[in-house]
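S.K.: Dock chain E against the given chain W, drawing on the hints supplied.
Top line first, the protein sequences correspond to chains W and E. Residues 0 to 351 (numbering that gives the first Met the number 0) are what the first sequence spells out, left to right. Residues 0 to 351 (numbering that gives the first Met the number 0) are what the second sequence spells out, left to right.
No lab work stands behind these hints: they were computed from the structure. Warning: the hint list may mix true and false statements.
It does not matter which identical chain is used: a pair holds within one copy or between any two.
[To be verified] Quick list of in silico lysine to any residue cross-link-like pairs, SDA-like style, CA-CA up to 25 Å:
{"id": "1", "residue 1": "132", "residue 2": "97"}
{"id": "2", "residue 1": "294", "residue 2": "339"}
{"id": "3", "residue 1": "50", "residue 2": "220"}
{"id": "4", "residue 1": "69", "residue 2": "179"}
{"id": "5", "residue 1": "224", "residue 2": "269"}
{"id": "6", "residue 1": "224", "residue 2": "271"}
{"id": "7", "residue 1": "222", "residue 2": "269"}
{"id": "8", "residue 1": "222", "residue 2": "274"}
Protein chains: 2
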Amino acid sequence: MSKTVTILGAGVMGSAMVLPFADRGMTVRLVGTHLDRAIIDSVAATGLHPKLNVTLPKGITAFHHEDFGKALGTDTDFILLGVASAGVEWAIDKLAAVLKKPVPVIMITKGMSPEPAGLGAFPDVVQAALEKKLGFKVPVAAIGGPCIAGELAVRRQTGTVIVSRDAALAQSFARDFETDYYHPRTSTDMMGVEVCAAFKNFFAIAVGWAHGRLENLPPSENKAKNNNAAAILFDQAVRELMELTRALGGTAESVWGMPGTGDLYVTCQAGRNSRLGNNLGRGLTYAEVKAGPMKDDTIEGAELGRAVAASLRAMMKAGLLVKERLPLTRALLDCLTENTPLDPPWTAFHTG
Amino acid sequence: MSKTVTILGAGVMGSAMVLPFADRGMTVRLVGTHLDRAIIDSVAATGLHPKLNVTLPKGITAFHHEDFGKALGTDTDFILLGVASAGVEWAIDKLAAVLKKPVPVIMITKGMSPEPAGLGAFPDVVQAALEKKLGFKVPVAAIGGPCIAGELAVRRQTGTVIVSRDAALAQSFARDFETDYYHPRTSTDMMGVEVCAAFKNFFAIAVGWAHGRLENLPPSENKAKNNNAAAILFDQAVRELMELTRALGGTAESVWGMPGTGDLYVTCQAGRNSRLGNNLGRGLTYAEVKAGPMKDDTIEGAELGRAVAASLRAMMKAGLLVKERLPLTRALLDCLTENTPLDPPWTAFHTG
Chain W
0 MSKTVTILGA GVMGSAMVLP FADRGMTVRL VGTHLDRAII DSVAATGLHP
50 KLNVTLPKGI TAFHHEDFGK ALGTDTDFIL LGVASAGVEW AIDKLAAVLK
100 KPVPVIMITK GMSPEPAGLG AFPDVVQAAL EKKLGFKVPV AAIGGPCIAG
150 ELAVRRQTGT VIVSRDAALA QSFARDFETD YYHPRTSTDM MGVEVCAAFK
200 NFFAIAVGWA HGRLENLPPS ENKAKNNNAA AILFDQAVRE LMELTRALGG
250 TAESVWGMPG TGDLYVTCQA GRNSRLGNNL GRGLTYAEVK AGPMKDDTIE
300 GAELGRAVAA SLRAMMKAGL LVKERLPLTR ALLDCLTENT PLDPPWTAFH
350 TG
Chain E
0 MSKTVTILGA GVMGSAMVLP FADRGMTVRL VGTHLDRAII DSVAATGLHP
50 KLNVTLPKGI TAFHHEDFGK ALGTDTDFIL LGVASAGVEW AIDKLAAVLK
100 KPVPVIMITK GMSPEPAGLG AFPDVVQAAL EKKLGFKVPV AAIGGPCIAG
150 ELAVRRQTGT VIVSRDAALA QSFARDFETD YYHPRTSTDM MGVEVCAAFK
200 NFFAIAVGWA HGRLENLPPS ENKAKNNNAA AILFDQAVRE LMELTRALGG
250 TAESVWGMPG TGDLYVTCQA GRNSRLGNNL GRGLTYAEVK AGPMKDDTIE
300 GAELGRAVAA SLRAMMKAGL LVKERLPLTR ALLDCLTENT PLDPPWTAFH
350 TG
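In isolation and in its complexed conformation, chain W is listed as follows (with noise of 0.2 Å):
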C-alpha cells in the first residue's frame, strides 16, 4: 500500500522532495510556513511553485501551517520537515503540538546547533526536543548529499545520502524514496552526514573567493583563470571537514564520499555560498556585501558560520580542535564576524 507524506515547510528543497513521492505512488501534502504562503496558495490554485517555477504533480494537497494537524491526520506515515535552520525551533513546538503518536520524521534541514563547546547535529537536537516535550521518542533521519532543488523538481538524475542512527530507519526510507532519477543510499553516521551537509556551505565560499579574485589581478597575457587557486581552497576545505568531522565525532568515509566532496562539489558551480565567495574575492568585506550585492540574500553557509564561531573558538581553546589545522576555518569565520578581509593564508594550509 502507498504511504501517506505530510511536508512541513514549502521551500524549494521540501517542495522538490514532492517529485519522487508522487511518481512512488504517495499521497502528499505540502504544508507551508508562515513565509511559504504566497507559495501554497498558487500550488493549492493552479499546482505552480513560483519560487522552483515547476508545476508540481496532480493530487498534491497545500496547506496553511495553521492547517498542520489536519494535513497530519491520523494516517500519515512519515513527516518530511523541511524548514530551513532558523525554523528548526519553531518547527519542533509545531510537531509537539499535534504529534499523538511517533510517526517518523525525516529532515532536510542543514546546520548545526551551537552548543556551549561542541556542535549538535539537527536531528538529534529534534528528537531530544520531542521527546521532552512529548513523553516519547520519535524516529528521525535526515538527507545529506548533493541536491539543487531545482533539478531534482524537473526529474534531474539527483543522488542523496538518507542518515539514521537507526540503520533500518534509514534503509526503509531509502526504499520508498528510490525511483529511476532519485538514488539514496544509506548511513548511520549522523555526525559525519551533518557536518559535510551544514559546513559544505561554509567551505563553498572560499573556493568561490577565487574566481571573484581573478577579477581584480592584472589582465594575463594567456587569459589565464584562477582555477589553480579554487583547487588549493576546495583541498584545504576537504582537508578542514575532515578535521572536523572527526572532532565531532563524525566518520572519514562521508567526508570523502557523497556527503562531504560530492556535495562541495556541486555547490561550488554555483548559488549563494558561491556569489558570497565571488563578492569577497573581489575585496569587499562580508558587511559590504551583505549591505550592497546580496543584501536580501541569506546565506547558509555565512549564517552557519556566525552561528557557530564561538562554539569552534571554544573548543580550539579547549584543545578539542586543533587550530593549526583549521587556517581556512579561521580565516572564513574572522571574515564573518569580525569583518576582515578574506585572505587565503596559502603556506599555512600546507605546514599547518
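M.R.: Relative to chain W, chain E alone:
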C-alpha cells in the same frame, strides 16, 4: 648558491615550471623534444612560448633535443622530465645516453605503465629502467596535484604535491620550488599520487558526460542544469579512485587530498577530458568523437583508459580488484575500447 635545472620536454607543463624556477633564481635550460621544434625556436628568438601564449622570463636558454647533453653539461643539479606519457620510453633512452652520474629527476608526466596484472607508476618505471641501463640508481620524484599550466605560467596561486619514495628528496625539491604563488607539499605515497594523477583525467570524462547530456534532455520549465548528475559521477569517481588506489598499494589520504579530489575538481572545470565527456553525453560514441569534433586532440584520460584496460580487466578477473565496486570504471573502459555508448549505471553506483 642557486641551482641549475635542465627541463626535458618543452610542452605547456614543463615550460610553465620555468616560472617558479626562474623566480627562485635558478639557471634554467629548456630542451624541446622532436615535437617542440617550433616552440624552442620561438623561445630562443623572443622568449614567447607559443602554446602557453606567455613570454618566459629572460635568461632561459632553449635547446633542441639533439643538444640535450650540452644543455645538461656537468653542472645540472636536477632534471625536470616534462615529456608526455607517450614519450617516456624515448626520454629514458635520452637520459641513459647522457647521464654520467645520478642527477636527480623530477617527473611531471602523468600516466601509468600497464603490466600483465597490475599497473606501474612512471617514476618507478623510469628509475628501474635507468638503473638497468646505467648501472647506478638515479633519485626520482614526481609532481601531482591540481595545476593548469597556463595559470602557473602567469603566476596564479598553485598548489601541488611532490612525491618520492625518498622523503628527503621530496622535501628538498619542495623547499627549492616554493614561491609566493607556487606551494608544493610532499608525500611518500608514490602509488596513491600517481594513480590519482593519471585516473583523475579518466574520471573527468564521466563528470563531463552530465553537462553534455543536458543538451539532449527536453527543456525544463525552470532551466534546470544537470549538476546533481555531475555530483553523483564526481562522488563515484572519488569512490572508484579509492578502490583503485588501495588495490595498487596507495593510501586513502592521497585520494581525498590534493592529488585526488583537489585535482579531480580542477580537471572537471575545463579541458579535453571534460570535452570528450560532453560529447559522449550528447550521445556520440568514442569513435565518433575521435573522428569528428576532437579528431586532432590527444585526450589523456582516454589514452590512459585504452592503455590500462587489459591490465584492469585482468586484475578484476584475478580478484585483485572487486569489479562490483568499479561500475563507472567498467562503463568507461567499455566506452573507450569497445565503443559502447557511455550510459552511467546509476543504480550500480550505490548497491555495488
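S.K.: Have a look at residue 224 and residue 271 and pick one of within, between, both or neither, based on CA distance no larger than 25 Å.
M.R.: both (21 Å within a copy, 16 Å between copies)
S.K.: Cα distance capped at 25 Å. Does residue 222 pair with residue 269 within a copy, between copies, both, or neither?
M.R.: This pair counts as both: shortest intra-copy Cα distance 22 Å, inter-copy 14 Å.
S.K.: Measure nothing new, just compare the shortest in-copy and cross-copy C-alpha distances for residue 132 and residue 97 to 25 Å and report within, between, both or neither.
M.R.: within (11 Å within a copy, 81 Å between copies)
S.K.: From the Cα coordinates, with 25 Å as the cut-off, is the pair residue 224 and residue 269 best called within, between, both, or neither?
M.R.: both (17 Å within a copy, 11 Å between copies)
S.K.: Checking residue 294 and residue 339: alpha-carbon separation at most 25 Å within a copy, between copies, both or neither?
M.R.: Classified as within; 18 Å inside a copy, 50 Å across copies.
S.K.: At most 25 Å between C-alpha atoms: does residue 222 with residue 274 qualify within a copy, between copies, both, or neither?
M.R.: Result: close both inside a copy and across copies, 22 Å intra and 19 Å inter.
S.K.: State whether the alpha carbon distance between residue 50 and residue 220 is at most 25 Å within one copy, between copies, both, or neither.
M.R.: between (42 Å within a copy, 12 Å between copies)
S.K.: Tell me, please, which holds for residue 69 and residue 179 at an alpha-carbon limit of 25 Å: within, between, both or neither?
M.R.: neither (32 Å within a copy, 63 Å between copies)
The structure fails to meet hint 4 from the earlier list, while all remaining hints are met.
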